[in-house]
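Starting from the two chains in their separate frames, assemble the complex, guided by the hints.
First to last, the protein sequences are chains A and B.
No gaps in the numbering here: position 8 of the first sequence is 8 in this note's numbering, and each next residue is one more.
No gaps in the numbering here: position 68 of the second sequence is 68 in this note's numbering, and each next residue is one more.
Heads up, a few of these hints could be off.
As the list claims (entries may be wrong) - In silico DSBU-like links for lysine-lysine, alpha-carbon gap of 30 Å or less:
(1) B:Lys98 <-> B:Lys42
(2) B:Lys70 <-> B:Lys56
(3) B:Lys110 <-> B:Lys56
(4) A:Lys79 <-> B:Lys98
(5) B:Lys42 <-> A:Lys80
(6) B:Lys70 <-> B:Lys2
(7) B:Lys98 <-> B:Lys56
(8) B:Lys98 <-> A:Lys80
(9) B:Lys67 <-> B:Lys2
(10) A:Lys79 <-> B:Lys42
(11) B:Lys67 <-> B:Lys98
(12) B:Lys2 <-> B:Lys98
Said to hold, decoys possible - Here are some chain A residues the structure puts well away from chain B; computed CB gaps all over 10 Å:
(13) Gly27
(14) Arg72
(15) Ser84
Said to hold, decoys possible - Facing chain A, a subset of chain B residues (Cβ under 10 Å, in silico):
(16) Gln38
(17) Arg41
(18) Leu46
(19) Ser69
For the record, the hints were derived by calculation from the structure and aren't laboratory data.
Note that beta-carbon positions come from the ideal geometry of N, C-alpha and C, so glycine has one too.
Given next are the chains, with one letter for each unit.
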Amino acid sequence: SQTIHQWPATLVQPVGSPLSLECTVEGTSNPNLYWYRQAAGRGLQLLFYSVGIGQISSEVPQNLSASRPQDRQFILSSKKLLLSDSGFYLCAWGGGNYGYTFGSGTRLTVV
Amino acid sequence: QKEVEQDPGPLSVPEGAIVSLNCTYSNSAFQYFMWYRQYSRKGPELLMYTYSSGNKEDGRFTAQVDKSSKYISLFIRDSQPSDSATYLCATVPMQGGKLIFGQGTELSVKP
Numbered sequence: 001s002q003t004i005h006q007w008p009a010t011l012v013q014p015v016g017s018p019l020s021l022e023c024t025v026e027g028t029s030n031p032n033l034y035w036y037r038q039a040a041g042r043g044l045q046l047l048f049y050s051v052g053i054g055q056i057s058s059e060v061p062q063n064l065s066a067s068r069p070q071d072r073q074f075i076l077s078s079k080k081l082l083l084s085d086s087g088f089y090l091c092a093w094g095g096g097n098y099g100y101t102f103g104s105g106t107r108l109t110v111v
Numbered sequence: 001q002k003e004v005e006q007d008p009g010p011l012s013v014p015e016g017a018i019v020s021l022n023c024t025y026s027n028s029a030f031q032y033f034m035w036y037r038q039y040s041r042k043g044p045e046l047l048m049y050t051y052s053s054g055n056k057e058d059g060r061f062t063a064q065v066d067k068s069s070k071y072i073s074l075f076i077r078d079s080q081p082s083d084s085a086t087y088l089c090a091t092v093p094m095q096g097g098k099l100i101f102g103q104g105t106e107l108s109v110k111p
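Pulled out of the complex, with its shape left as it was, chain B reads as follows (with noise of 0.2 Å):
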């Protein structure tokens, strides 16, 4: 079993609906938790950090975790064509070390 599991997707939605993306991870130790947002031939770049159970909000995007299922969510409102590109989770171990990456999900916003 994978520490983190992310469906690859393609998921494709119209321009304006809410997307919901997510992970599992299987370590309870974790306790970090990113998103990443990479364009087509283009490093990842973070997008949202949370820390431990909660929401985060930024502008349109929530980051939501729920460490007693080992869940973790990015939601898009208000979709836009611009947000089209492929979307990995991230954690962390509390004490700190390597990051464990997503497969990461293909997202196509269509106009």
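The shape of chain A in the complex, shown without the other chains (with noise of 0.2 Å):
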């Protein structure tokens, strides 16, 4: 069965620092491969998404970059963080018609 991976859990970085938050997916290959945040009490901003190695799409100008330098990992990074950068990270993959399946996030804090 397919499963998603997507670490760490909670972060906590100062203004400036850098970033990278990891993705990566089992039992499937060639998958399509998004990067969303939420803000609190908001919904879902697609950020990147990817359909294949060193294939990304970005889908709002920001502070962020992503890279997918294997098949089935997808990087999301930053060299200096904003305080706008806080939020809730969601690794997805799948896409077309029959949904995605979501990661279990990466809640960033900026301080």
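Shown next, in the form of structure tokens:
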């Protein structure tokens, strides 16, 4: 069966520090992968999606970047965090007509 | 106008009540509809999935799609405190692609 792993679960980082969040998928090949951010009490904001290795599409211009170095690995990064980068970050795989499977999320607080 | 509109709530009901959660969408090309449940500090999980118009039932949950009015609903019978969560509707065009999510409705079922 397919599983998705996302870590860390919680992260507190100072303003200006770098960020790296990792997501890996098991049990499937060539998945579509997505990074979402969810602010408190708000909906899901699609940040990046990838249909294959090295293929990244950005939905919203921001302080973040994404990379897909391997088929089942998706990384969200920042060189210098801003206070506004705080939120709940979710990785997901899947796509098309059958919905997504989400990871357990990373709660990022920038202080 | 957002492609999918959902009242964010919050919605509070007593245990045992029938809950009705609703979304409207603007694009008649949407064919696949989903409901996700998200517990606090967790990733969303797929709850119900329907194609085109009609009803789909799974235990205490019923998903309903009315394509003529572009209206999708989720009904929860005999609601339980464990149903307290945020419910997100989602849809995707017939051609596939990225899911479009509603804002999410926060539901609280009081014992």
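Cross-check of the supplied hints:
1. A threshold of 30 Å between alpha carbons decides the hint, and for Lys98 (chain B) with Lys42 (chain B) the separation of about 21 Å falls inside it, so the pair holds.
2. For the hint pairing Lys70 (chain B) with Lys56 (chain B), the CA-to-CA distance comes to about 17 Å; that is within 30 Å, so the pair holds.
3. Distance hint between Lys110 (chain B) and Lys56 (chain B) is fulfilled; the C-alpha atoms sit about 26 Å from each other, no more than 30 Å.
4. As the CA atoms of Lys79 (chain A) and Lys98 (chain B) are separated by approximately 27 Å, the hinted pair is consistent with the 30 Å bound.
5. With a C-alpha separation of about 26 Å, the suggested pairing of Lys42 (chain B) with Lys80 (chain A) holds against the 30 Å cut-off.
6. As the CA atoms of Lys70 (chain B) and Lys2 (chain B) are separated by approximately 13 Å, the hinted pair is consistent with the 30 Å bound.
7. Proximity of Lys98 (chain B) to Lys56 (chain B) is assessed by CA-CA distance (about 23 Å); at most 30 Å being required, the pair is judged to hold.
8. Our distance criterion of 30 Å between C-alpha atoms is met by Lys98 (chain B) and Lys80 (chain A), whose separation comes to about 29 Å.
9. Among the hinted pairs, Lys67 (chain B) with Lys2 (chain B) is consistent with the structure: their alpha-carbon atoms are about 17 Å apart, no more than 30 Å.
10. Restraint check for Lys79 (chain A) and Lys42 (chain B): satisfied, since their Cα atoms lie roughly 26 Å apart, inside the 30 Å limit.
11. Annotation: proposed proximity of Lys67 (chain B) to Lys98 (chain B) holds, straight-line Cα distance about 20 Å (limit 30 Å).
12. Restraint check for Lys2 (chain B) and Lys98 (chain B): the C-alpha separation of about 15 Å stays at or below 30 Å, so the hint holds.
13. Distance check for Gly27 (chain A) against chain B: the nearest CB is about 16 Å away, which clears 10 Å, and the non-interface claim stands.
14. For Arg72 (chain A), the non-interface assignment is confirmed: its Cβ lies about 17 Å from the closest Cβ of chain B, beyond the 10 Å cut-off.
15. Ser84 (chain A), annotated as away from the interface, keeps every beta carbon of chain B farther than 10 Å; the closest lies near 20 Å.
16. A least Cβ separation of about 8 Å between Gln38 (chain B) and chain A falls short of the 10 Å threshold, and the interface hint therefore holds.
17. A least Cβ separation of about 7 Å between Arg41 (chain B) and chain A falls short of the 10 Å threshold, and the interface hint therefore holds.
18. Checking Leu46 (chain B) against chain A by beta carbon gives a least distance of about 5 Å; that is within 10 Å, so the hint holds.
19. The interface hint given for Ser69 (chain B) is violated, since its Cβ lies 22 Å from the closest Cβ of chain A, which is over the 10 Å cut-off.
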